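For this one, chain R is given, so just place chain S on it according to the hints.
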Amino acid sequence: MLVPSNVALRSPRQGLMALSLALSTLVTGTAWADLPPDLVLDGDAQAGKVVANDRSKGNCVACHVMAGSESPGAIGPVLIAMQTRFPSKKVLAEQIWDATVKNPEAVMPPFGKNEILSNKDFVDVVEFVWSL
Amino acid sequence: MTKNTITLIAASLACALTLPLAAATPEQDKESFQAYFKSRFPNVPQDDFKNGAYAIDPIGRENWEAIEEFPPYENAISSGETMWDTPFANGKTYKDCFPDGPAIAGKYPYWDRERGMVMTLPLAINDCREANEEKPLGYKKGPLADLEAYITYQSRGQITNVEIPSDDPRALEAYEKGKHFYFARRGQLNFSCAHCHLGNSGSTLRTEILSPAYGHTTHFPVYRSKWGEMGTLHRRFAGCNEQVRAKAFKPQGEEYRDLEFFLTYMNNGLELNGPGARK
Chain R
1 MLVPSNVALR SPRQGLMALS LALSTLVTGT AWADLPPDLV LDGDAQAGKV VANDRSKGNC
61 VACHVMAGSE SPGAIGPVLI AMQTRFPSKK VLAEQIWDAT VKNPEAVMPP FGKNEILSNK
121 DFVDVVEFVW SL
Chain S
1 MTKNTITLIA ASLACALTLP LAAATPEQDK ESFQAYFKSR FPNVPQDDFK NGAYAIDPIG
61 RENWEAIEEF PPYENAISSG ETMWDTPFAN GKTYKDCFPD GPAIAGKYPY WDRERGMVMT
121 LPLAINDCRE ANEEKPLGYK KGPLADLEAY ITYQSRGQIT NVEIPSDDPR ALEAYEKGKH
181 FYFARRGQLN FSCAHCHLGN SGSTLRTEIL SPAYGHTTHF PVYRSKWGEM GTLHRRFAGC
241 NEQVRAKAFK PQGEEYRDLE FFLTYMNNGL ELNGPGARK
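Chains as they are written, first to last, in my numbering: chain R, 1 to 132; chain S, 1 to 279.
If we strip away everything but chain R, and leave its shape as in the complex, we get (with noise of 0.2 Å):
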């Protein structure tokens, strides 16, 4: 082959990576605020519902699909069987709380440690999508 073995080597994907380093250095060094151990989760599904729905709070919808509510995005998971796919609702909370714990990739926004949510309606969206 005449190809240089560097070039030849070089995937879309593997490319893609090397462009992404520069992120990857920017998720290091700096202490995230957990899930505070004393926050009760006992929220009100009803209300949480509104929360996920809201547009400038919440706004599940605009990457998850969940039942009830009308034209959802696709870029996260279908919100769907929540008490099969999570050992308990404290597991979902830190998920909903910080997913880039899990996953320093994931590109759902940290609800509870960049205060996104007032922690009220961080219990009630808890609680809306652990029934779904």
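If you're looking for bench data, these hints aren't it; they were derived computationally from the structure. There's no promise every hint is true.
Claimed, not checked - Below, a list of computed lysine-lysine pairs in the DSSO-like style, where the Cα atoms sit at most 30 Å apart:
| id | chain 1 | residue 1 | chain 2 | residue 2 |
| --- | --- | --- | --- | --- |
| 1 | S | Lys247 | R | Lys120 |
| 2 | S | Lys247 | R | Lys113 |
| 3 | S | Lys247 | R | Lys102 |
| 4 | S | Lys135 | R | Lys113 |
| 5 | R | Lys57 | S | Lys247 |
| 6 | R | Lys57 | S | Lys279 |
| 7 | S | Lys226 | R | Lys57 |
| 8 | R | Lys57 | S | Lys250 |
| 9 | S | Lys247 | S | Lys135 |
| 10 | S | Lys177 | R | Lys113 |
Said to hold, decoys possible - In silico negatives: residues of chain R with every beta carbon more than 10 Å from chain S:
| id | residue |
| --- | --- |
| 11 | Pro36 |
| 12 | Asp38 |
| 13 | Val40 |
| 14 | Val50 |
| 15 | Lys57 |
| 16 | Ala62 |
| 17 | Met66 |
| 18 | Ser71 |
| 19 | Ile80 |
| 20 | Arg85 |
| 21 | Lys90 |
| 22 | Val101 |
Claimed, not checked - Sample of chain S residues at the chain R side, in silico, Cβ under 8 Å:
| id | residue |
| --- | --- |
| 23 | Thr82 |
| 24 | Gln154 |
| 25 | Gln188 |
| 26 | Leu189 |
| 27 | Phe191 |
| 28 | His195 |
| 29 | Ser203 |
| 30 | Thr204 |
| 31 | Leu205 |
| 32 | Arg206 |
| 33 | Thr207 |
Predicted, not measured: the structure shown is a model, and the values here were computed from it. Glycine included, C-beta positions come from ideal geometry on N, C-alpha and C.
Using the frame of chain R, we list chain S on its own:
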């Protein structure tokens, strides 16, 4: 792109983090960037990426083509033409600053080695005005966007060809800063430009299709229906930053000029087709 492929990319990204950082040249970045979009959207002819989301959204495209029959940016072009032809108070015109004009959009952005910075068309326009004792224009919209629309219209068909001179390390540094900006998370929502327009391009936010980054720089200034008027590329950058709830940077400040340098370089080879019309 299937969910499996996304997972694969996520997995390979995770692996990449443990590898020593292999320095990629801008040329390699560009090849990877363009190859990524070609494999992500295999049915889009390469020269159609300049049409943004309309290259991948047949229904949106129909509406857009209908809009293009009576282009909403036409008034901007004719106001811009009047500006181009009208002498300054000192009797000189833009032509004195831009002897090759008005079809000069394809020259920008470029690395200005004397000033050690990325030079853009809007910045050059205001430099020209100030050199002729005229007040500088606002960088986001209004007369500057009109004049840019005229220049861009006259430049249609030119090919994006940003050069990063290899004999000036500051040019590469500006490129790297722009690239870093592109991949950096920011704002309360914690998104990078790449999260939406690279990794999730073609997917939907509610019913909005996320446009591919390949094609983002070809058609500015743009008449955006959401704005109800013209706006520049840096106005769009600022809007995007605000949407992720970050504080926008100054239009034509170093951050956005470096970002424009990187992003336009990624789009090298695509035809200029501005001014554009977008939702």
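Against the structure, the hints:
The suggested pairing of Lys247(S) with Lys120(R) holds, with an alpha-carbon distance near 26 Å, which does not exceed 30 Å. For the proposed pair Lys247(S) and Lys113(R), the alpha carbon gap of about 19 Å is at most 30 Å, so the pair holds. Proximity of Lys247(S) to Lys102(R) is assessed by CA-CA distance (about 27 Å); at most 30 Å being required, the pair is judged to hold. For the hint pairing Lys135(S) with Lys113(R), the CA-to-CA distance comes to about 45 Å; that exceeds 30 Å, so the pair is violated.
Distance hint between Lys57(R) and Lys247(S) is fulfilled; the C-alpha atoms sit about 19 Å from each other, no more than 30 Å. A hinted pair counts as satisfied when its Cα atoms are at most 30 Å apart, and Lys57(R) with Lys279(S) qualifies at roughly 24 Å. For the hint linking Lys226(S) to Lys57(R), the alpha-carbon distance of about 21 Å falls within 30 Å, and the restraint holds. A threshold of 30 Å between alpha carbons decides the hint, and for Lys57(R) with Lys250(S) the separation of about 27 Å falls inside it, so the pair holds.
For a cut-off of 30 Å, the pair hint linking Lys247(S) to Lys135(S) stands: about 27 Å separates their Cα positions. Of the supplied pair hints, the one linking Lys177(S) and Lys113(R) holds, its CA atoms being roughly 27 Å apart against a limit of 30 Å. No Cβ of chain S comes within 10 Å of the Cβ of Pro36(R); the nearest lies about 19 Å off, and the non-interface call holds. The claim that Asp38(R) lies off the interface holds: its Cβ sits roughly 24 Å from the closest Cβ of chain S, which is beyond the 10 Å cut-off.
At the 10 Å boundary, the C-beta of Val40(R) stays outside the reach of chain S, the nearest C-beta of that chain being 25 Å off. A cut-off of 10 Å between C-beta atoms confirms that Val50(R) is not in contact with chain S; the least separation is 16 Å. Lys57(R), annotated as away from the interface, keeps every beta carbon of chain S farther than 10 Å; the closest lies near 12 Å. Non-interface call for Ala62(R) relative to chain S: violated, since the shortest CB-CB distance, roughly 5 Å, does not exceed 10 Å.
Every C-beta of chain S lies more than 10 Å from that of Met66(R), the closest at about 12 Å, which supports listing it as non-interface. Some Cβ of chain S comes within 10 Å of the Cβ of Ser71(R); the nearest lies about 5 Å off, and the non-interface call is violated. With a cut of 10 Å on Cβ distances, Ile80(R) stays outside the contact zone with chain S, its closest approach being about 15 Å. Against chain S, the non-interface label of Arg85(R) holds: every CB pair exceeds 10 Å, the least being about 15 Å.
Interface exclusion of Lys90(R) from chain S stands, the closest Cβ pair being 22 Å apart, more than 10 Å. The non-interface label for Val101(R) is consistent with chain S: the shortest C-beta to C-beta separation is roughly 12 Å, beyond 10 Å. Because the smallest distance between the Cβ of Thr82(S) and any Cβ of chain R comes to about 41 Å, over 8 Å, the interface hint for this residue is violated. The interface hint given for Gln154(S) is broken, as the beta carbon of that residue sits about 34 Å from the closest beta carbon of chain R, more than 8 Å.
A distance limit of 8 Å between C-beta atoms decides the matter here; for Gln188(S) the minimum to chain R is near 5 Å, and the interface restraint holds. The criterion of a C-beta within 8 Å of any C-beta in chain R is met by Leu189(S), whose closest approach is roughly 4 Å, and the hint holds. Look at Phe191(S): its Cβ gets to within about 7 Å of chain R, closer than 8 Å, so that hint holds up. Hint status for His195(S): holds, given a least beta-carbon distance of 5 Å to chain R, under 8 Å.
Annotation: interface hint on Ser203(S) holds; nearest CB of chain R at approximately 5 Å, less than 8 Å. For the restraint placing Thr204(S) at the interface with chain R, the shortest Cβ-Cβ distance is roughly 5 Å, inside the 8 Å limit, so the hint holds. With a least beta-carbon distance of about 5 Å to chain R, the hint placing Leu205(S) at the interface is held under the 8 Å criterion. The beta carbon of Arg206(S) is positioned within 8 Å of a beta carbon in chain R (closest approach about 5 Å), and the interface hint is therefore held.
About 5 Å separates the beta-carbon of Thr207(S) from the nearest beta-carbon of chain R, less than 8 Å, and the hint is met.
The earlier numbered hints that this structure contradicts are 4, 16, 18, 23, 24.
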